[in-house]
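Participant: Each chain, written out:
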Amino acid sequence: MKASELSSLLGGILEGADVELSACAGLEEARPGDLSFCKDVRHRALVESTKASAVLLSPEWTEKAPCTVIRVDDPNRACMEAARIFAPAEPKREAGVHPTALVDESVKLGEGVHVGAFTVIEKGAEIGDGAVIEAQVFIGEGCRIGGSTHIYPQVTLREGTVVGRDCIIHCGVRLGGDGYGFNNGRREDGSVFIEKIPQLGVVEIGDGVEIGSNTTIDRARIGRTYIGPMTKIDNLVQIGHNVKVKGYSGLIAQSGIAGSTEIGYGCLIWAQAGVSGHIKIADGVQVGPQAGVPQSLDGTQKYVIGSPAMSMKDLAAITLAPKMIAKLKGEVKAIKSRLEGR
Amino acid sequence: MKASELSSLLGGILEGADVELSACAGLEEARPGDLSFCKDVRHRALVESTKASAVLLSPEWTEKAPCTVIRVDDPNRACMEAARIFAPAEPKREAGVHPTALVDESVKLGEGVHVGAFTVIEKGAEIGDGAVIEAQVFIGEGCRIGGSTHIYPQVTLREGTVVGRDCIIHCGVRLGGDGYGFNNGRREDGSVFIEKIPQLGVVEIGDGVEIGSNTTIDRARIGRTYIGPMTKIDNLVQIGHNVKVKGYSGLIAQSGIAGSTEIGYGCLIWAQAGVSGHIKIADGVQVGPQAGVPQSLDGTQKYVIGSPAMSMKDLAAITLAPKMIAKLKGEVKAIKSRLEGR
Amino acid sequence: MKASELSSLLGGILEGADVELSACAGLEEARPGDLSFCKDVRHRALVESTKASAVLLSPEWTEKAPCTVIRVDDPNRACMEAARIFAPAEPKREAGVHPTALVDESVKLGEGVHVGAFTVIEKGAEIGDGAVIEAQVFIGEGCRIGGSTHIYPQVTLREGTVVGRDCIIHCGVRLGGDGYGFNNGRREDGSVFIEKIPQLGVVEIGDGVEIGSNTTIDRARIGRTYIGPMTKIDNLVQIGHNVKVKGYSGLIAQSGIAGSTEIGYGCLIWAQAGVSGHIKIADGVQVGPQAGVPQSLDGTQKYVIGSPAMSMKDLAAITLAPKMIAKLKGEVKAIKSRLEGR
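Protein chains in written order, with the working numbering: chain A, 1 to 342; chain B, 1 to 342; chain C, 1 to 342.
Here chain A stands alone, though its shape is the one from the complex:
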């Protein structure tokens, strides 16, 4: 898009060459063809060295710029607006079932549902009004998907999975795989056996939940693995069987929740953190990045970190131990010298 066209869409004033622009980027990351922005005169040096082809500046900015300038009242907001203009158009997923999709005749499809190419929907499933099921998805027997939920390509829902309304399920998510459960032991003759415990339950996802790419949520051993409403799950997260996430929580990338654990309302589990099985995390607790929580947290501590998880203060004390030891060592040495000295 020409800078002149963009400038008029943003209600700005073009100063300099009418360059071609195709994306937004920060001043440092920008490259030719990019539009950048700067509000604060203190970032003058960044503007001077940017490789952007154009930069959004406010009228107060009187410094020079090495490229085309689009003068606007609020550079931040204008950049957000430009980003919307540059964004790839959201693909239209119109109502209807793609001719290659295999939807069992017993499936109940709501009004305006989209089913993409090569998608398989097995018998007894129900898809709510306005749901979008993209290409190459697998929806097993008896699954129920709520209205307006969007399932991206290559997601699998094993039989009996329930997903609420207004959910977003990203590519490669696996719902309803068997939980990890085995009985081990030795037979009378001394030989070892490992026996699969049947995983008889389901996964149930509440309304307004978003689940990131390649995340896995296992079906319950008995009953349900439950993800409460408005929970937002990032990529590559693992949620074990019979976990209950009450709702309004966030689970950041690569975190894991072991079986039968309960996560309260409004919790935040940071990236790569792990929570052990059969425990409870109280409402509103945050588990820091890479933390490992071996036992229940009753909410006395609002934030834990470290493995095993502890307070920030306790972790800092461990980190500072070598310094404290060095200091003590010096003092002990001084005492010894003093005693020797006599």
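Don't take each hint at face value.
Quick list of in silico lysine-lysine cross-link-like pairs, DSS-like style, CA-CA up to 27 angstroms [as the list claims (entries may be wrong)]:
| hint | chain 1 | residue 1 | chain 2 | residue 2 |
| --- | --- | --- | --- | --- |
| 1 | A | Lys327 | C | Lys327 |
| 2 | C | Lys327 | B | Lys336 |
| 3 | A | Lys2 | A | Lys92 |
| 4 | B | Lys313 | C | Lys313 |
It is worth saying that the hints were derived from the structure and are not from the lab.
Since chain A is already given, all that's left is putting chains B and C on it; use the hints.
Facilitator: Below, chains B and C alone, put in the same frame as chain A:
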């Protein structure tokens, strides 16, 4: 299902309203429509506050319940039985190749094999008797799958992968991807090069192995990456090239084993643990959650934890260091006062 | 393959039975049917106990072997050559679009492009000359794939993703999923809201990049998430929105880079390491296995380890703290005895 019908299936006696029931759940998690259970009178309070529509109780239980009661001899066992009744029916995967599946004419299909919709099986592959290959699976050239093995939707097996009998491979598993191997260096002119090392081997999975959703196992650089019999692998586990897992081991979710490492018989690698490359873990050793093992473990220690991995005792000593330091500090201060005091 | 045939392909001399061989393996891992190798006479015991059916030995080797010997000048090199001979043939992906693939009529396909079965390529996408897009792939609207790039089965590229030339994208990779971004807060009435922040940018992958199985790279909030040339990414790695990896770096399995972070040239992020959001890692820095980097690294330290990340020396000091404390305790006790003794 009506409580009366369930009660008679369980050989119990119905007391109270003939409510509709559809799932099992613990007393605390239960909600209307659920069946719960309690054996121990000590959990009286949980029974009183449950939201279950019915609860399984033993004849000894004389307390009141806020809902329908199904009286049975053994509530735990009856609940397991009810769970089996409520469980989503296991989808039937009858013998035959779905008309949309693309099975190369050179593929050898055993007796009673099921091949699902949109599955691709390339030339020279062999599928054993009674194997179930579900929808949207990719099986590359020359793969061999043992009898009675079950492969869930959207699994990929790159060329030459071998899977034993009675295995279960969950959705999104990736077998036989290239191992991570590059030669780096500088050319004579000072420029950097990064060169791919050909990954010429395969993945071989023994009998009775289960592999969880979205787990990845790389093909060997040379020879084979080997997962021995009865090994049970959870979701999102990473196994590098040329790893050898002898057998009868468990690898819990999000753990990772780096290239060329050997895991002995009967090991347990807990969630999010990492084992370095080119080392050996002796038979029966357990690597705790989030532990990081930098060097071989000869079995002297049966359980390690921490990163780098150490004994529980050693990790506890580090955790306790701040307390010990505080104590010592007090003692040193006391000594100093005493010395000053003279 | 017969040992005699292999021997002549390798230019070696066969000594012993003309056994059947099908794979290479180390002396310890080898089993009947395998070819192994040994150069160094010090590994005599391993040769004597190997289960390989044949072993490559140099003329200098005068010891006995328990199996067929193929005498060659350089056993290591001969083994590599044998591995190439035993390797599963690389599947041929000939130019052409599989009849089941759905390629929108607006898509620009270069010369000699291969498109596999059940693959979907949406409108406006461009595929460069000689690219291989295997079976069951999803390529969204307006994606651009460079020449000679190879995309394995069951990869998804959301709309607008750009991939360079000579890239390798392994099974199950997810490019362009929405970044994790939400506004949280309380409304005037005290109720909580969680609002999705539109993710308007794209993912852009430079030339010569390799991405391992089931890795996820999120689209930018605004602008682009950028993976620079020759970067090599392993399996199950998570890369957040607006991350910039300058190039020539390695990201090992299960590592994660949080949003808006910049990774310099020639960095190495080891397995299961995590790098926080909105920071910079200087060129050439290595982040050790399971390390957690909370703040920018300016390159003063070339290697960090631990969570939070620190120098090897600092981590060692923490690990040694209990020993140092025990020593100090002894000294303090001795001082006290001495003082008491008077």
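Participant: Lysine 327/A and lysine 327/C: Cα distance at most 27 angstroms?
Facilitator: With Cα atoms ~14 angstroms apart, lysine 327/A and lysine 327/C stay inside 27 angstroms; holds.
Participant: Could you grab the alpha-carbon distance between lysine 313/B and lysine 313/C and see if it respects the 27 angstroms cut-off?
Facilitator: This hinted pair holds, its Cα atoms lying about 22 angstroms apart.
Participant: Given the hint that lysine 2/A pairs with lysine 92/A, test it: the Cα-Cα distance must not exceed 27 angstroms.
Facilitator: 26 angstroms, holds
Participant: For a C-alpha distance cap of 27 angstroms, please report whether lysine 327/C and lysine 336/B respect it.
Facilitator: 19 angstroms, holds
Every hint, counting from the list given before, is met by this structure.
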